Amino acid sequence: METHRDDMGSKIGMWLFLLSEILLFGGLFILYSSYRYKNPIDFHLAAWELDRVLGTFNTLILITSSLSIVLSIFFVQKGNRRLSGLFLLATIFLGILFLGIKYVEWTAKIGHGLYPNSPRLLGRSKGEILFFGLYYSMTGLHGLHVLIGLFILSAMLVLVMKGKINEHRFVPLENTGLYWHLVDIIWIFLFPLFYLIT
Amino acid sequence: MTQNGVLEKTYPAASFYDHQGKYRGILAWILSTDHKRIGLLYLGLILLFFSVAVFFGFLMRLKLIAPGFPLMKPQMYNAIFTLHGIIQIFLVVIPAIPAIFGNFFLPIQIGARDMAFPKINLLSWWLYASGAAIVFLSLFTAGGPIDTGWTFYAPYSLRTTVNVPLAVFGVFILGMSSILTGVNLVTTTHRLRAPGMSWFRLPLFVWGVYATAWVQILATPVIGITFALIMIERYFGIGVFDPAKGGDPLLYQHLFWIYSHPAVYIMILPAMGVVSEVIPVFSRKNIFGYKAIAFSSIAIASVGSLVWGHHMFVSGQSDFASVIFSLLTFLVAVPSAIKVFNWVATLYKGSIELKPPLLFALTFIFLFSIGGLTGLIQGALAVNMHLHDTYWVVGHFHYIIFGGMGFGFLAALHYWFPKMFGKMYDMKRTIGGWIILFIGFNILYFPMLILGWEGMPRRYYDYPPPFHTLHLISTIGSWILIAGLIWIFFNLIQGLRRGEKAEDNPWKGASLEWQIPSPPPTHNFEKIPIVGKGPYEFG
Amino acid sequence: MFVSWATGLSGEVVDQVFFFILAITVFLLGLITFLMVYFVIRYRKKRNPQPSDIHGNIWLEIIWTIVPTLLVLAMFYYGLTGFNFLKKAPGDALKVKVIARQWSWLFEYENGVKSTELKVPVGKPVKLSLTSQDVIHGFYAPAFRIKQDVVPGMTNTLWFQPTGVGTFDVFCTQYCGLQHANMVTKIVVIPVDEFDQWIQKRGKEIEATKGKPGGAQLFHEKGCVACHSVDGTPRVGPTLKGLFGKEERVLIDGKEQTVIADEAFIRTYILKPNTYVVVGYPPIMPPQALTEDELTELVHYIKDLK
Amino acid sequence: MKNRKYRTYILVWLALVILTGITVSMAGMDLGLLSIAIVLIIAAIKSGLVLSYFMHLKYETGLLFKLMIPIVLAALTVFIGLTFSDVAFR
Numbered sequence: 000m001e002t003h004r005d006d007m008g009s010k011i012g013m014w015l016f017l018l019s020e021i022l023l024f025g026g027l028f029i030l031y032s033s034y035r036y037k038n039p040i041d042f043h044l045a046a047w048e049l050d051r052v053l054g055t056f057n058t059l060i061l062i063t064s065s066l067s068i069v070l071s072i073f074f075v076q077k078g079n080r081r082l083s084g085l086f087l088l089a090t091i092f093l094g095i096l097f098l099g100i101k102y103v104e105w106t107a108k109i110g111h112g113l114y115p116n117s118p119r120l121l122g123r124s125k126g127e128i129l130f131f132g133l134y135y136s137m138t139g140l141h142g143l144h145v146l147i148g149l150f151i152l153s154a155m156l157v158l159v160m161k162g163k164i165n166e167h168r169f170v171p172l173e174n175t176g177l178y179w180h181l182v183d184i185i186w187i188f189l190f191p192l193f194y195l196i197t
Numbered sequence: 000m001t002q003n004g005v006l007e008k009t010y011p012a013a014s015f016y017d018h019q020g021k022y023r024g025i026l027a028w029i030l031s032t033d034h035k036r037i038g039l040l041y042l043g044l045i046l047l048f049f050s051v052a053v054f055f056g057f058l059m060r061l062k063l064i065a066p067g068f069p070l071m072k073p074q075m076y077n078a079i080f081t082l083h084g085i086i087q088i089f090l091v092v093i094p095a096i097p098a099i100f101g102n103f104f105l106p107i108q109i110g111a112r113d114m115a116f117p118k119i120n121l122l123s124w125w126l127y128a129s130g131a132a133i134v135f136l137s138l139f140t141a142g143g144p145i146d147t148g149w150t151f152y153a154p155y156s157l158r159t160t161v162n163v164p165l166a167v168f169g170v171f172i173l174g175m176s177s178i179l180t181g182v183n184l185v186t187t188t189h190r191l192r193a194p195g196m197s198w199f200r201l202p203l204f205v206w207g208v209y210a211t212a213w214v215q216i217l218a219t220p221v222i223g224i225t226f227a228l229i230m231i232e233r234y235f236g237i238g239v240f241d242p243a244k245g246g247d248p249l250l251y252q253h254l255f256w257i258y259s260h261p262a263v264y265i266m267i268l269p270a271m272g273v274v275s276e277v278i279p280v281f282s283r284k285n286i287f288g289y290k291a292i293a294f295s296s297i298a299i300a301s302v303g304s305l306v307w308g309h310h311m312f313v314s315g316q317s318d319f320a321s322v323i324f325s326l327l328t329f330l331v332a333v334p335s336a337i338k339v340f341n342w343v344a345t346l347y348k349g350s351i352e353l354k355p356p357l358l359f360a361l362t363f364i365f366l367f368s369i370g371g372l373t374g375l376i377q378g379a380l381a382v383n384m385h386l387h388d389t390y391w392v393v394g395h396f397h398y399i400i401f402g403g404m405g406f407g408f409l410a411a412l413h414y415w416f417p418k419m420f421g422k423m424y425d426m427k428r429t430i431g432g433w434i435i436l437f438i439g440f441n442i443l444y445f446p447m448l449i450l451g452w453e454g455m456p457r458r459y460y461d462y463p464p465p466f467h468t469l470h471l472i473s474t475i476g477s478w479i480l481i482a483g484l485i486w487i488f489f490n491l492i493q494g495l496r497r498g499e500k501a502e503d504n505p506w507k508g509a510s511l512e513w514q515i516p517s518p519p520p521t522h523n524f525e526k527i528p529i530v531g532k533g534p535y536e537f538g
Numbered sequence: 000m001f002v003s004w005a006t007g008l009s010g011e012v013v014d015q016v017f018f019f020i021l022a023i024t025v026f027l028l029g030l031i032t033f034l035m036v037y038f039v040i041r042y043r044k045k046r047n048p049q050p051s052d053i054h055g056n057i058w059l060e061i062i063w064t065i066v067p068t069l070l071v072l073a074m075f076y077y078g079l080t081g082f083n084f085l086k087k088a089p090g091d092a093l094k095v096k097v098i099a100r101q102w103s104w105l106f107e108y109e110n111g112v113k114s115t116e117l118k119v120p121v122g123k124p125v126k127l128s129l130t131s132q133d134v135i136h137g138f139y140a141p142a143f144r145i146k147q148d149v150v151p152g153m154t155n156t157l158w159f160q161p162t163g164v165g166t167f168d169v170f171c172t173q174y175c176g177l178q179h180a181n182m183v184t185k186i187v188v189i190p191v192d193e194f195d196q197w198i199q200k201r202g203k204e205i206e207a208t209k210g211k212p213g214g215a216q217l218f219h220e221k222g223c224v225a226c227h228s229v230d231g232t233p234r235v236g237p238t239l240k241g242l243f244g245k246e247e248r249v250l251i252d253g254k255e256q257t258v259i260a261d262e263a264f265i266r267t268y269i270l271k272p273n274t275y276v277v278v279g280y281p282p283i284m285p286p287q288a289l290t291e292d293e294l295t296e297l298v299h300y301i302k303d304l305k
Numbered sequence: 000m001k002n003r004k005y006r007t008y009i010l011v012w013l014a015l016v017i018l019t020g021i022t023v024s025m026a027g028m029d030l031g032l033l034s035i036a037i038v039l040i041i042a043a044i045k046s047g048l049v050l051s052y053f054m055h056l057k058y059e060t061g062l063l064f065k066l067m068i069p070i071v072l073a074a075l076t077v078f079i080g081l082t083f084s085d086v087a088f089r
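Protein chains in written order, with numbering that gives the first Met the number 0: chain A, 0 to 197; chain B, 0 to 538; chain C, 0 to 305; chain D, 0 to 89.
Next up, chain A with everything else stripped away, as it sits in the complex (with noise of 0.2 angstroms):
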């Protein structure tokens, strides 16, 4: 018997996965959506000291390798390996610089006593204590997210290179890029509800 490649089908099951990653996120957004509207106040003085120019900086940079994976596919489908692999790699260093960027934002808060359970944290109101639990909770499961995709791009990389992804055969980079964009999107309405609205 022949095996049976559906790829229509396995977009279809990329896409239902990312439903259900979107209400992974969703629960946390119930809980920031209930605790902003219990503590505005809190919450706006607490946005104040996240760094502003870091996060729109990573904003621009998610939005950028968003750009550079579906360059990517648009290659590869063309037959270029060559230019697409370049565009994953790209990506690649898209997300390690984005990652980099987290690392130095969460260790300047920790530095500063910031995080959760440290006896300055617990000696704020309630709202900043939430604030920040939520901070590091969201921002903590995205950056996982993130790295996730790293590993999952840097197979895809291998799998252009070797010509096992080529132009017949390059549903697994679309879904790839599916997965890249969707944490795109996180980030989006991360920035805003954690850096912005102040």
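The hints are simulated quantities; they were obtained by calculation from the structure and are not laboratory data.
Restraint ranges, calculated between C-beta atoms of paired labels, are given here:
#1 Ser124/A to Gly61/D: 46 to 54 angstroms
#2 Met25/D to Lys118/B: 43 to 51 angstroms
#3 Tyr76/C to Leu138/B: 42 to 50 angstroms
#4 Leu34/C to Leu471/B: 31 to 39 angstroms
#5 Ile62/C to Gly195/B: 33 to 41 angstroms
All of these numbers come straight from a predicted model, not from anything done at the bench. All C-beta atoms, glycine included, are put in the ideal place defined by N, C-alpha and C.
Position chains B, C and D against the provided structure of chain A, taking the given hints into account.
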């Protein structure tokens, strides 16, 4: 023996048991991507866990046989009722029908050779097995067996010294398994229907599993993140559920029930699908109101996702929320009622043979009706103030889950047994087992309704003497029930060992799984069939 | 056989709604069951070998959609009216604070009187405001058909109006740990003048001590008594009889050591219970919020338990 | 056709960058609730762009693809809405 003459039986094909794949022995099973083998893998584990959980239930009932009965210490009782709940809910009832019968029969019923993603299907089973292993590992590590109740309510679950993080991690893994199964089932239903298998020619079991799969995809992640937060909270103290740090314990309950109420529909919808399969076959006539049943599955899945707040009427949530949730709760009863009426109407003017599958299906209707109707009583705002968190609720959900889903499961098992194993069980003996089980069931659970109405709170390891009589009756019922279960499963095992060879279509069913050999060959269909009529047209 | 017949206004209201819905549901269950059994017998294969081909009946289906909808809406509405009654306490109600903790109840009246049982006058509405010191508990008085969770960080309310004297059970209904099943107390309904006398007498006692309860009283009010005996029998926690000056085997950060139960030890233990864990007992003692005066009194009391 | 796609991607990227610039500069102004609304609307537009062009939703055919985002949005709205029927009215 054909579906409109298009399904030619040209093969003497070997059954999937005899399939010679890459691996031998046990590996040929636990590394197989064949949906039928994976279905049986689930069956094996689930029956194992079910018997463990039944044993815990038996111990609980034994402890409650008399006030002050010195069988075990409070901590032990608290751990046992927690484990009974966690195992039955997360390891048995949620995966049972979709993962066993959905896996085995959904592809065959829509005329496919396998699931859309066979490898992911195997991965799901491995995640399920590892999640279960982690839950059991949590009993012997760190602080020992969990004592939080299966609900893990914060802040108690944040404070207790037992091994909560590992247990919730195990459940988290089970959730991933459930999501992947859901993705697989939805994609399969969309992509792999045979030519001619239009949406309204799908067997109603497929509709039930399909609706369930959507709930699995959309609701499971919410509890995933909630349990992840419990873990993070315990390790890092982020404060999101801890009132001492501003967290709101009621938000934990919202997130928990956003999944865990629809989970009840994950349990019951596939069982309803089974009943919708069995009744027409044994009445020899088309199901009454096919579309109403199909759409009510979707309605139950969607409206059922909006009623979680009825677990929180006395929690201190706003009165406004309670009113809305109560209204929605009453409304979700309507599609369930429609199904029941349609099933009963299908019997009308049929040519009925009361064989074991039908017997279990009709028992489902009776017990599920009691469960549903007691649900209406406790869904009323005023009455809920009295009945919430009492034995009434314990009785109610056992009528739904065991009486509904459990009997649906037994119906499915007896209906598809000859197809799955190619052997027939002794039907007369099944009837005997059914009588014992049915009597035991009602003696066990009906007194709980009265106990609850009298004010007996749940999760008590001991109780005041006035409640003694009913507790005693209930405990005796548990023995009868277990005897019935043993009888029924013993009979099936006997059937497996020395039952007659089953015919390909012993019940003269019209859906696709009955048109192929028993047990099915590895690839189900030699040629993908072309479907020309509905699943209940017996002609 | 019934443990508790309904009492109080709330009891009557809840029972009315309950029996209204019960009647409808019993009828529906009877109807479904009857039809099911009747069809199976009437249309069995022997008697009816040829099934009729019926796919559906649109009018029947419309009817059995609309009628149940109306029925459940009626049930909802009836439940709602009862709920409105149960949720609106009259303004002149007697106000009592309820403090729940693992695993005991404390009731505090407006004039500062504290009691471990809820004494109330007959015929008067009583409004409870419920707070918890640790985890979620549930205040449940089955005879009155009322229940409300007690959530830390929130103040929930509940009211009832007893219509006859008597003693009624109070249970904890939200699972709260080891001694959940023992977290019980009583509502004692007494005649109005008796109640007035009692509360005034207790009020005067409090004035006499200038609101400073003695150690023995604190021992009860703060719930210590739920787990510790003073007569030598071990309960959830060790007995406190003869504790002072005794050598205790304790775990500090998981290491077993011997310490002498001096005053400092007892103080630390009360304020931060799980710094030490006495060997052989579970590490579950909840921390207590005590004033310095209360702590001193309590420690004195424990020192004297010989 | 294919080359147009290439150009579209660049244009979408430009739009995303510009929208980011707008929300960041907006955030300095204190418009109260309105600023929350504007910031969220811009985020919604940005994710709409990513969904329809980068993730190709605009080009996919079939009912399932059309329904996916509405289903998820409905689920999220209902979950948050019903939770707020408690949180906002307690």
